Amino acid sequence: MKQSKDNLSVSARRAFFTQASSGVALLALAPGVRLVDLALARTSDEPASTTQRWGLLVDVERCVSDCDACVSACNHEHGLSGDPSETNAQWIRKVDLEDEQTGHRLSLVLMCQHCEEPPCVDVCPTGASFRRDDGIVLVDKHICIGCRYCMMACPYKARSFIHENLSGQKTHAPRGKGTVESCTLCVHRIDHDDSPACVEACSEVGHQALLFGDLNDHEGPLATALSNASSRELRSELKLNTAVRYRGI
Amino acid sequence: MKTIYFQNIRAGRAFWLALALVAAMMLAGLGAAHHMESAGHWVTGMNNQVVWGIPHVFAVFLIVGASGVLNTASIASVFGCDEYKPLSRLSALLAIALLAGGLAVLVLDLGRPDRLIVAMTHYNFKSIFAWNIFLYTGFILMVAVYLWMMFEPRMNRFVRPVGTAAFAWRLVLTTGTGSIFGFLVAREAFDSAVMVPLFILMSLSLGTALMLLLGTLVFWINRATLDPELVQRLRRLLGWFVIAVAYLVAVDHLTRLYVTGHHSLERFILIEGGIYPVLFWGVQGLLGTLVPIILLFSPRFAGKGYLVSAALLVVIGGLAQVYVLIIGGQAFPLDLFPGYMVTSSFFDGAVAQYVPSAVEIVLGLGGLALALVVTLIGARVLPFMPAEVGVARAD
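Which chain is which? The protein sequence lines are A and B, in order.
Take 0 as the starting number for the first sequence in numbering that gives the first Met the number 0 and just add one per residue.
Take 0 as the starting number for the second sequence in numbering that gives the first Met the number 0 and just add one per residue.
None of these hints come from the bench; they were simulated from the model.
Small disclaimer: the values here were computed from a predicted structure and weren't measured.
There's no promise every hint is true.
[What the hints assert, rightly or not] The calculated lysine to any residue pairs, modelled on SDA-like cross-linking and capped at a C-alpha distance of 25 Å, are:
#	chain 1	residue 1	chain 2	residue 2
1	A	Lys176	B	Ile242
2	A	Lys176	B	Val77
3	B	Lys125	A	Asp132
4	A	Lys140	B	Ala129
5	A	Lys238	A	Thr223
6	B	Lys125	A	Ser71
7	B	Lys303	B	Ala223
8	B	Lys303	B	Thr224
9	A	Lys176	B	Ala38
10	A	Lys140	B	Pro112
11	A	Lys238	A	Ser106
12	A	Lys140	B	Thr120
13	A	Lys176	B	Gly30
14	A	Lys140	A	Glu85
15	B	Lys303	B	Asp226
16	A	Lys176	A	Ser106
17	B	Lys125	B	Asp226
18	A	Lys238	A	Glu85
19	A	Lys238	B	Gly181
20	A	Lys140	A	Thr223
21	A	Lys176	A	Asp192
22	A	Lys140	B	Leu115
23	B	Lys303	B	Ile360
24	B	Lys125	A	Ile142
25	B	Lys303	B	Ile242
26	A	Lys176	B	Lys303
27	A	Lys140	B	Arg111
[Said to hold, decoys possible] A few chain B positions that, by computed beta-carbon distances, are all more than 12 Å from chain A:
#	residue
28	Gln6
29	Pro112
30	Ala129
31	Trp168
32	Ala192
33	Tyr257
34	Gly284
35	Leu286
36	Leu311
37	Pro337
Every residue, glycine too, gets a C-beta built ideally from N, C-alpha and C.
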């Protein structure tokens, strides 16, 4: 009996320590796992996945007419000259609107809308225009043949063709004469858990007109903002399900 | 049955002079393409608003014409009209030559023509461009086989089935070319199912006009004349094709005029768009449609000179039509914000400006020249030219 009592107490102690150590391990790991889940959902060496869909909300009421901080930041980030000639590349642009009936004025930014069903991807003969699993629409500069069919197909005129030799390129934003390019949503920054340069610049000047986030994260700031107030897609009749949405138009 | 003898084109002074001229034009086109590639597309009139310019006008014109020019051979082989047989071989040669010219312009206008191999090895099968790569190469292959059936007496019995396949293929090819524009939902000037039948009819009209014009030229170089009876048949055919194109153009515009949302586009193309209404009414409508119809149907203008003039006007009108369609369609601003006046640094809301530069015009003409070089060399190397027509002889 004594032996069996001793055995019982030993096994109870063992069970206690096993459960306690599991609990401690769980307590130690769980917040970390949750944090990683919230912030990245993947490490930088993992491929993009459909668990995320990156997007933007443009709050037109906060977008100031004579401010182009986002455009300047984009140009600086990607090594664009910013010269507004007919042949120069513009990845993001300020557009001023005036209601034909009432004269009401608005100002907003326009760039690649990162459509879920991008017409540029449909028409590209070589597959150079492609959509990443996380929704970012990009151009593979190695197989773009410069046919410009994607520019004909883009409903937002968001793409530019490189008409001349380039200098001063950034390593994270390679560009090439004779190929087509457009807003990458600063994919190089997103892959390092950062927000696009235009969003950061807008925030720095205090306008907060651009909100970046994961459309699939229903508790995240972007999805919450979109569910709390009305917003719309541009050219919604085309049913492209754009990742860029507008509030205030 | 009548036997038709064929011969190689005579290598007289006219032949060498013509070959030298078109070869020089072709080399100039190559030089223009080299300049465009090394300097960049800023040397053209194209920009980020008008992304397809005059090279595309020439390319589409030549490709549409290529499929149409095969008609003469198809009428003989598929529809059994033996009167057209003397021109069958030339018709097929011109089809290959014009397509080669159009494709050369298209490829040399690419931003990266050096990556042609990429276009041949990477395919996105949802792209109409990718379909067209197969349609164009398939057409050249099929017409080459068709020619083999015509040339080789032992294979003559297969002329009809192969000719029928080539005829079907050319209809699909023109469907593909029209779909390049018809499927562009983003731009209201293009997004229309009418584009496909319009392109097919344009191919019939332009192809017949090119057959008459280039046929006359090649026969003149060969110091021969086209059979007058055949010419009369082609004259009537061309007249009806021109009327058919005009009808479909009218249907296309009337459909858009019925829809209030398209009124501003129609006002732009038909009235206020500067060069585009001038080209539409003046060149496409008057010179390219009305005048040729009068010249082709009125007995007062029965002479051959009038016929050649009519064919030339149809070709000029066709070029104007493609110009208005491709360039005018891009010049009209996208309506991203209905109900708003729009301005931006990227020319939103503004009519896009485009003036073709000399370099891109030379490239376009170079494509036409390449087609003529292929035709002349082909006709010199192989017996494409009918030697005697209408000689009664037992087969």
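Take a quick look at whether B:Lys303 and B:Thr224 sit within 25 Å of each other, Cα to Cα. Holds. B:Lys303 to B:Thr224 sits at ~11 Å (cutoff 25 Å).
Do the alpha carbons of B:Lys303 and B:Asp226 lie within 25 Å of each other, as the hint requires? At roughly 11 Å apart (the allowed maximum being 25 Å), B:Asp226 and B:Lys303 satisfy the hint.
Does B:Ile360 lie within 25 Å of B:Lys303 when you go C-alpha to C-alpha? Between B:Lys303 and B:Ile360 the Cα gap is close to 30 Å, so the pair fails against 25 Å, i.e. violated.
For the pair supplied as a hint, A:Lys176 and B:Ala38, is the alpha-carbon distance within the 25 Å limit? Within the cut-off at roughly 9 Å; holds.
Beyond 12 Å from each Cβ of chain A, as asserted for B:Trp168: 20 Å, holds
Non-interface label on B:Ala192, tested against every C-beta of chain A at 12 Å: The assertion about B:Ala192 holds, with a minimum of 17 Å to chain A.
Can we confirm that no CB of chain A comes within 12 Å of the CB of B:Leu286? For B:Leu286, whose nearest Cβ neighbour in chain A is about 28 Å away, the distance exceeds 12 Å, so it holds.
Say whether it holds or is violated: B:Gln6 keeps its Cβ farther than 12 Å from all Cβ of chain A. Holds, since 42 Å exceeds 12 Å.
Would the pair A:Lys140 and A:Glu85 pass a check requiring their Cα atoms to be no farther apart than 25 Å? Roughly 22 Å separates the two Cα atoms, so the pair holds.
Given the hint that A:Lys176 pairs with B:Ile242, does the C-alpha gap stay at or below 25 Å? 44 Å, violated
CA of B:Lys125 to CA of B:Asp226, is that 25 Å or under? Distance ~46 Å between B:Lys125 and B:Asp226 Cα, so the pair is violated.
Taking C-beta pairs only, is B:Tyr257 more than 12 Å away from all of chain A? Fine: 19 Å to the nearest Cβ keeps B:Tyr257 off the interface.
Going through the hint list in order, the structure does not satisfy hints 1, 2, 6, 16, 17, 18, 20, 21, 23, 26, 29, 30 and 37.
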